[in-house]
Amino acid sequence: MGFNIDKIRADFPILKRKVYGKQLVYFDNGATTHKPQQVIDSIVDYYSNFNSNVHRGVHKLSVEATTAFEDSRKYVAHFINAEDDREIVFTRGATESINLVANSFLSLINKGDEVLITSIEHHSNLVPWQQLCEKKNAKLKVVPVSDDGNLDMEFLDNMLSEKVKIFALSHISNVLGTINPIKEIIAKAHKFGIPVLIDGAQAIAHLKVDVQDLDCEFYCFSAHKAYGPMGFGVLYGKKEWLTRLQPYQYGGEMISSVSLDKTTFNEIPYKFEAGTPNVSGALATVAALKYIKNIGIDNIAKYEDDLLEYATEKLLEIDKMRIIGTSSEKTAVISFLVGDIHPYDIGTLLDQMGVAVRTGNHCAQPLIDNYCIPGTIRASFAVYNSKEEVDYFIEALKKSLAMLA
Amino acid sequence: MGFNIDKIRADFPILKRKVYGKQLVYFDNGATTHKPQQVIDSIVDYYSNFNSNVHRGVHKLSVEATTAFEDSRKYVAHFINAEDDREIVFTRGATESINLVANSFLSLINKGDEVLITSIEHHSNLVPWQQLCEKKNAKLKVVPVSDDGNLDMEFLDNMLSEKVKIFALSHISNVLGTINPIKEIIAKAHKFGIPVLIDGAQAIAHLKVDVQDLDCEFYCFSAHKAYGPMGFGVLYGKKEWLTRLQPYQYGGEMISSVSLDKTTFNEIPYKFEAGTPNVSGALATVAALKYIKNIGIDNIAKYEDDLLEYATEKLLEIDKMRIIGTSSEKTAVISFLVGDIHPYDIGTLLDQMGVAVRTGNHCAQPLIDNYCIPGTIRASFAVYNSKEEVDYFIEALKKSLAMLA
Amino acid sequence: MTIEEKANSLVEEFQMFDEWMDKYSYIIELGKEMPLIDEKYKDPQHLISGCQSRVWLYAEMKEGKIVFTADSDAVITKGIISLLLRVVSNETPKDIANADFSFIEEIGLKDHLSPTRANGLVSMMKQIKLYAKAFQLKNSN
Amino acid sequence: MTIEEKANSLVEEFQMFDEWMDKYSYIIELGKEMPLIDEKYKDPQHLISGCQSRVWLYAEMKEGKIVFTADSDAVITKGIISLLLRVVSNETPKDIANADFSFIEEIGLKDHLSPTRANGLVSMMKQIKLYAKAFQLKNSN
Ligand SMILES: Cc1ncc(COP(=O)(O)O)c(C=O)c1O
Ligand SMILES: Cc1ncc(COP(=O)(O)O)c(C=O)c1O
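Chains as they are written, first to last, in this note's numbering: chain A, 587 to 991; chain B, 587 to 991; chain C, 5 to 145; chain D, 5 to 145.
Excised from the complex, chain A in its bound form (with noise of 0.2 Å):
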């Protein structure tokens, strides 16, 4: 299929909103995306058609409701190439599913046992596990970032060893923009049998995700950044490791059977997933899969480093312009500072004019205070951005900058 961002863009009912009486210029991608009409119909069509709690219902609606609801955590599968679909869980959000893991791994710590991370992690990859080893009286070890915001591969190399019981990593770095060599990292853990979870939520929307063939023992993502509902969120887990987990929550379809004195748990994946689930947020997830699908990942990621490519050049012309990761491997995420202005200052103006970035630590404080700066603006495109929106951008910003000075 040809790439036609007219048409692309016509899909997303959002798009047409102004704000202050200017046309909106959405680059927040990184914090949510927006959603299709196909997502949204198909949330109006599930409450519309064939609404029902799934499982173990004997009527018409239930039986249509789940075989959606399973339909989708096959299809799920089928995206990120996982081998089986009982290795999808359900969750609430990328959050969610890295402190299931997290929690579940409470038995499996020890006292000085060590959990790997890396210093350029969202808050939700850094502090479930903090507080894992403060409860276990683990030691967490941190990865160092360098200075254009690629990991330090020979620190990794040499924090490696059978003391790591786990090491949970980003694909793509929120602030940076960073694509991380997960699968060469990945084979790396694995000769000290240390098992990976990787933090997709910059991910998923953005770059082939092939589970099988980077051999992580978990992934994760949110779907409100991929096009998808909020609310919903997806853990992939190798199926021996979800077996050998503990259940996080308890209630519901997690349940096999229960007396007074024993409860049985369910298979995978339903023991992890306690209380009703979110049907119409698996529908819409699938909507959004499918989305990505028609357009093309590939097309996608091609189109997106266009307009990274094209947007960094102009942002360069910029006198003082500083822009924070700097890797030859990055995703369409520009954060930059100009000068010593404040973030917030060059925020609020470019807001004014419709302009949509998100300025702040981006909830990956460590990393913001390891470059020493007040945080950043930043700017993550999706794919319905376009180049006349970019030169719109560089306009403001000028403007803004005009402003300040």
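Please note that a few of the clues may not be correct.
To be verified - Straight-line distance between alpha carbons at most 27 Å, and here's what the computed DSSO-like set of lysine-lysine pairs gives: (1) 604(A) with 114(D); (2) 114(C) with 984(B); (3) 848(A) with 749(B); (4) 825(B) with 133(D); (5) 888(B) with 721(A); (6) 697(B) with 722(A); (7) 46(C) with 825(A); (8) 137(C) with 825(A); (9) 725(A) with 848(B); (10) 722(A) with 725(B); (11) 722(A) with 722(B); (12) 27(D) with 114(D).
What the hints assert, rightly or not - Cβ pair distances, simulated, as ranges: (13) 13(C) with 832(A): 47 to 53 Å; (14) 909(A) with 850(B): 28 to 34 Å; (15) 777(B) with 67(D): 43 to 49 Å; (16) 915(A) with 23(D): 39 to 45 Å; (17) 23(D) with 842(B): 34 to 40 Å; (18) 725(B) with 770(A): 48 to 54 Å.
Hint data in this document are derived by calculation from the structure and do not stem from the laboratory. The model shown is predicted, which means the values in this text are computed figures rather than measured ones. Ideal Cβ placement from N, Cα and C applies to all residues, glycine included.
Starting from the known structure of chain A, fit chains B, C and D with the ligands onto it as the hints suggest.
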């Protein structure tokens, strides 16, 4: 406002649905209710007009979404008459709300302490406490139920003591429909300083809930059982209790500041809301609660009571009818058996005639075991059900029984 | 008759029914017939855990063929079991292992055998295949 | 001038601006003026934790009135602070405690002061009220 059933039914698009060519009669509302157009519209409106990640964003969409999100919290607080909107924690559902509290009680329970529940609890309000007790070597005590479906208050009185660290019970039984006298029970528990958690999953859409009047420490419910979206729920907790409890999941807005050495958590309620919140879920939940408010919860209760009475009378005309749960205080939930016909057989034939009921143990296996039955057939009503539907159901039931005779 | 032939004849038989009521009445009738299993095998060991209706399944080899007997506490489930067994019982392990159960769909009972239906039938069908494979393996040793 | 009069005059002043750019240019100008606080009070004790821009606030009693000085590392935040302080500083604890800050909305800066805006301004306004109440209490003893 007068109660106009035709107008109400017209609000629910799914009610036009046919199954096997027959008009759907949906009596599985205890499992999940359908959604009025107003709720569906609120989701469409959100994603089409002001979708954004919330908190900390400097741009207009983010401010709008955040304001709407926090206004939802205020509305929910108002709806259940909480003293302060910081007492409202947004979760994925009742099950998660209960798990959150049970998990946070890990540090408040010691060996030999007691946790009190009742024998009519849904698995979601049973297994979390059972597992907590197992982990901490505490004792799970269970208040028995009498044959009519009322809690045995004499037993209850004898089981209250200073040893009990928390008492978790349902407002309304999802199998029996019994409305427990929770205000009285809470007052009794408080005499021994016992905090009380109320599982309100089956109550919120059916009767007035006033947490200050009840004086419970915690109250939980799911939106999807109250005309709201799937994947969204509420935990109400008294300020001093929420403040006292440890966070449950880590990452995102629940963090105040992070360094690699130390993390400071945010204030209530944020410290319990890890990860990107489900803004759309919050708004759609408010749309659902407003829908209830608009009709008037007392009007709803009255209407459903009439339905209950009408259906009960009609059912009792059937030979060998055995209604399980005959408390004088009950909501519109009827569990029944006919002779020794297996519930699955009746459910299957009703389904063929377009009538959706639930059969089985309704995730309350110990309760079902208590009655020594293979499960029940459960018809549970919502505001959009009608006497005509009850008539059709009774006819269909009679036809089923004739076929099975 | 081969498994396929038996399945086809079943499908034909069901084509007679225009009305769902007739179809279910027939299934219920089948379900009401004498227990399809020796009472002594209705024990936890032969119980297939389905959520709602309980299903017991017993298999034995007789003259190179597997004979299945089964039961359920729900009459409709039992009726469907009796249809299933009519097709697959008394066949060789190999034939059973390779059997195609799609006739269930053709006779309009698909919903009952959807994996989402917690009536024990899906587990029973899995169990039938497992038995067949186990006996196959045993024979080949 | 009373607090209310000062607020009204500010609102009038802002009515001059047709264009958002003029308004913000003015705020930025204000923000660029000399630090509004003695450097020695820019310490953690006087820091108001907002997420993005940091805000420092110091209060002292002078002749029965509270004098506020403050600063921020973001220039726009600082400009808005300077507007706020122009209105509330140098007033009695009682008047400040009762002051109505809705003029901020009238001059079109509401978004900056929405509780969802993590720029420290909301916390600063809360802190101003807290100071006023604390001084009030102290005086009444
Ligand atoms: C009494 C009761 N408690 C808890 C739950 C669990 O609710 P959810 O599955 O929405 O978390 C239910 C519903 O299934 C219920 O009926
Ligand atoms: C790298 C990374 N990890 C994890 C998360 C958390 O995702 P969520 O808030 O959807 O749970 C985010 C997004 O905020 C992220 O960018």
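Cross-check of the supplied hints:
Distance restraint check for residue 604(A) and residue 114(D): the Cα-Cα separation of roughly 18 Å lies within the 27 Å cut-off, and the hinted pair is therefore satisfied. With a C-alpha separation of about 25 Å, the suggested pair residue 114(C) and residue 984(B) falls inside the 27 Å cut-off, and the hint holds. Between residue 848(A) and residue 749(B), the direct Cα distance comes to roughly 22 Å. Compliance with the 27 Å bound is thereby established for this hinted pair. With a C-alpha separation of about 23 Å, the suggested pairing of residue 825(B) with residue 133(D) holds against the 27 Å cut-off.
At roughly 51 Å between alpha-carbon atoms, residue 888(B) and residue 721(A) are farther apart than 27 Å, so this suggested pair is violated. Taken as a hint, the residue 697(B) and residue 722(A) pair is honoured in the structure, with Cα atoms around 20 Å apart against an allowance of 27 Å. For a cut-off of 27 Å, the pair hint linking residue 46(C) to residue 825(A) is broken: about 33 Å separates their Cα positions. Restraint check: the Cα-Cα separation between residue 137(C) and residue 825(A) comes to about 23 Å, which is no more than 27 Å; the hinted pair holds.
With a CA separation close to 13 Å, the supplied pair residue 725(A) and residue 848(B) stays within the 27 Å bound. A threshold of 27 Å between alpha carbons decides the hint, and for residue 722(A) with residue 725(B) the separation of about 25 Å falls inside it, so the pair holds. Using a Cα cut-off of 27 Å, the hinted pair residue 722(A) and residue 722(B) holds, with the two alpha carbons roughly 16 Å apart. The suggested pairing of residue 27(D) with residue 114(D) holds, with an alpha-carbon distance near 14 Å, which does not exceed 27 Å.
Between residue 13(C) and residue 832(A) the Cβ separation comes to about 50 Å, which falls inside the hinted range of 47 to 53 Å. Between residue 909(A) and residue 850(B) the CB atoms are about 30 Å apart, so this pair conforms to the stated range of 28 to 34 Å. At roughly 56 Å, the beta-carbon separation of residue 777(B) and residue 67(D) lies outside the given 43 to 49 Å, and the hint is violated. Against the hinted window of 39 to 45 Å, the Cβ-Cβ separation of residue 915(A) and residue 23(D) comes to about 43 Å, which satisfies the hint.
Separated by about 38 Å at the C-beta atoms, residue 23(D) and residue 842(B) satisfy the suggested range of 34 to 40 Å. Checking the proposed 48 to 54 Å range against residue 725(B) and residue 770(A) shows it holds: the Cβ atoms sit about 52 Å from each other.
Comparing the model with each numbered hint stated earlier shows that hints 5, 7 and 15 do not hold.
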